[in-house]
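In case you want the letters, here they are:
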Amino acid sequence: MVSVKKHFFNEYLGRIIVTICGIIIIILTIAIAAFLFYKGLGTFIIRKHSVLEFLFSSTWNPSMMTTGTGQIGSAVFITGSIAVSLIALIIATPFSIAASIFMSDISPRMGKKLLQPATEIFVGIPSVVYGWVGATVLVPFLAKAFNLPRAFGILPASIVLAVMIFPTITSVSTDAIKSVSNEYREASYGLGSTRWQMIWKVILPSALPGILTGIVLGLARAFGEALAVAMVIGGRDGFPDLKQLFFSSTYNLTAKITSDMGSSFEGTEWNDALWTMALLLLVISFLFIVLIRVISKRGQNFNENK
Amino acid sequence: MVKLMKKILSVAIALAMISILFAGCSNNSASPSSSNDISGTIIYDGSSALAPLVDAAAPMFKALYPNVSIPAAGTKGSGTGVSAALAGTVDIGGSDVLAASFTDAVTANKLVDHQICVVGIAAVIDKSLGITNLTTAQLKKVFTDKTITNWNQVDASFPSKQITVIVRAIGSGTRVVFDSAALGGAAVRTDSALVTGSSNGDVETKVNSTSGAIGYLALSYTVSSSGTNIIPLSLNGVTPTYANIYLGTYNVIGIEHAYTKGTPNAQTDAFIKYMTSSAFASKIESSGYGLLSKMK
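Protein chains in written order, with our numbering: chain A, 1 to 306; chain B, 1 to 296.
Possibly wrong hints are sitting among the right ones.
To be verified - Computed list of chain B residues with no C-beta within reach of chain A, every gap over 10 Å:
#: 1; residue: PRO59
#: 2; residue: ASP113
#: 3; residue: GLN115
#: 4; residue: LYS127
#: 5; residue: ALA137
#: 6; residue: GLN153
#: 7; residue: ALA156
#: 8; residue: LEU183
#: 9; residue: VAL195
#: 10; residue: SER198
#: 11; residue: THR239
#: 12; residue: TYR246
#: 13; residue: GLY248
#: 14; residue: ILE253
#: 15; residue: LYS283
Unchecked claim - To give an idea of the chain A side of the interface with chain B (calculated C-beta under 7 Å), a few residues:
#: 16; residue: GLU120
#: 17; residue: ASN147
#: 18; residue: PRO149
Worth flagging that the hints you see were computed from the coordinates, not collected in a lab. Glycine residues also receive a C-beta, built at the ideal position from the N, C-alpha and C atoms.
Only chain B is shown next, with the shape it has when bound in the complex (with noise of 0.2 Å):
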């Protein structure tokens, strides 16, 4: 009997804490503000290019809007992100891409596009060859020609060196970007002399440890890479900066999209506005990404 109490006391005291401490969060969310009326979560998936970005915007809107929760954001790539926003399993689904370049138009106009920032790419190489910069002629060649096997035959004054070209896989936003905008969309080489890496991270990885490989990084990567033994490549002469990609000079661009099915809900909604304010324009440039109001 004595033991049966003690149980009761157990539980009801148990329960009692439990109570205090759901009493606790109900009394949060019921003191008054406006940024308070918004609760709920925004959940992100897809490019990996943008996750950096609502990683670094989630606490700074939960400063603004308490209720809201924002897990960390998904980065598992612009596809996954597009079918993930079609088939409502997450509120963003971040791409480098056109929703339309996965789908027919029907599908992808369900889609809500918001355009949030620009991300310029920058092909890098291993700096022991001395080379700062390539034509886009030069930069066609090194990555669709595969006769083109040593740095010498690309241009004599280069050293002698075997090229390792490291890509990003078919279908990441990264290539199909920089496929298009700095090869024109020519087939890359598909010899030994490809070697894939998984994400930004494992190009720079690859890059930095191979001797002679020339690969590609968005500019949100290549900041972190002084000190390292790679260096982004001027292309026709321009540098690789967003101060040239807001004059429209060096044009390797792509644009972040974050897609929402139909129109997006409240928290998603004032989440993407605060993304693309004035707020957050400075946390998107000092992390490697431009502002789409700037480009001319």
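Excised from the complex, chain A in its bound form (with noise of 0.2 Å):
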């Protein structure tokens, strides 16, 4: 009898819980996903507005009551979306790499004990504090170098966000860069290369699938974060200026689903355009997704033919 029981907690108990956590997980994420779909097609299936309109029409106006009816085009908080995360990778991404070079094959003491300590605080910084220094220290510090009367807008964002997703580039890229096999590295330096021809040649190259799953990982991140851009974007149902592409107010989606959240009333179609922004963004980052599982497996494969 005390071995039966001793067998079940040794051998099923344990077992029975990882499978329930899992589950509940799996289910969750369904819920999630299903909710945000029955919310975010009430625009279109409800209240007939057409998806051609939401993505591509800059004009906004829905109605805020919970009758009545107005334009729900999205084409700026979209907009807006695409180029803060895409300015964030541009500016971030140099950084990450030479900073994962560094720690792994020019001074992997150093980066160690310094470096990674440091990124790893990056990490821990609630994205609150980026967006509060960001409007209380960047924006007037970018207003007075660049001599403007006001400097929201999307490169604000986009500083702030590439100082968010820094470390999240930068581990993965490590990772990837700290495997590349030493064979490769102690062969291209019998071949008589020099260090910065050993990592411009080899490690890079056969490490890139790697450090492209590690910049997807930023965009997701950049893409879905909120607090912090929302605090620097400036705020304005309108693409940016042309005269003042970087530093005119807009919003981005994440931005402009906080900041109406709570004024609109559920119900409304103010409130249902705004889920449908929500579904978009769960889109979006189901797709990069699948995106992160194409390179990984083109990476494996192509590791494999070497």
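Could you use the hints to bring the two separately framed chains together as a complex?
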């Protein structure tokens, strides 16, 4: 009797708990996705707006009452999200890859002692702090530096985001670069290459799939960040001014949702359109996950074929 | 066997301790007093202008009614307040604007409106501009006319500095009040001189850090902004103070509504009565709100 009990505890209890947890996570994910689809598709199914209007029109004037209709064109916010994330990526990626190379091949000891803890601290800082520093220090600084009346807009948002996604890209690409087999390093030294030639021509190409995974993860994080961006992007239902592309207030998807969700009344066209934006964010992050899968699969094939 | 005994003993001790803990609680609630008859929780969400007042009232109310618990007030905004009150997920839904501005009359009539207090809204401006007063026409120009980009276009005596207009998001209770009472309902400009602040605090930060900026704040926030770069503006020569609001000379004001679904339950009813009672009046005024009873 005792042995059966003991056997049960040793063998099955852990397994059952782990399985239940796993199933709960799966159910939760499906439930959230289903809820977002249910809420977000209302704009198209019940209110008969076209998907094209939502994606490509920039006329945002939804009805704020439970009755009545308006326009729900979200092109401004979608453009804002894409621009902010891509510029953040352009700023952060060179720093991240440089830091990874430094940590793995140039000075592993200093990298481990100084650089790695430093990037880990970046991860721990809450996004509201980034946003606050951005709004009170970065924006006035940029206004002064470029002699502008105000500097809210895409560039400060991108800079804040770049700092936030830097650790993500760095840690993933460091792992990728470290996992490049040492034989490659020895072989290229053996052929007489310098350290830089080895890094540039051997290490980076073979770590590329891993680095790309890091970049896509960073992009996904940039797309989903709300609070920090909302505090520095300015907030205006319109495209940035052509004359001041980087420094005129606009919205991205997440900042628009955060700014409007409190005031919008449930059951209004306005509230439904915000859910549709949330659904769009879910779809985009799903696409990023697929992209990462494709990249890492390609990477496996690439390394096996060599 | 000894191990099993130990386990049983420890469980028994733990149970005993828990039961003592609960006994303590039930003893408290059994002590006789009239105000102890009311118990339960009061959940508030909605207007972020009313929330600080609810938080201020909670400990004072609990001193009188020890069995009522009031969690920290939510600040999700007026729209959320009204819809949460309708859905019954909160006991009090706070709003700066009438429920009828969100939904049809039939639905809005399911809610009971309890007016708590009045809140004044003042235009605030970058102190370094040296501007202390605007006329209604000038204010309207600044907030609605996109061809006005420099302060010297508003008045030749004003310094030459670019205008940045800092507003609240569309649908914010503060904005609804300001747009209708100060701007006469005219459409706010949408050019790139416009920046949105997500809350009173955010507007304060942004006006404070942007030179040449103008925005608006609830008076409950301007009382704390002394020592910063911003000052409240007089409108047509009338300073935004409660003295002037009571006289009726300053009229950019909103009423703070506490909505309940139908007749409120006993604890909520007692709480709303407390917030509008004379016992709480001095706290309302010292927190930067005004008393409805003093309005002329």
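For this session: Mind listing which of the numbered hints don't hold for this structure, in increasing order?
Result: The structure conflicts with hints 9, 10, 16 and 17, although it agrees with all the remaining ones.
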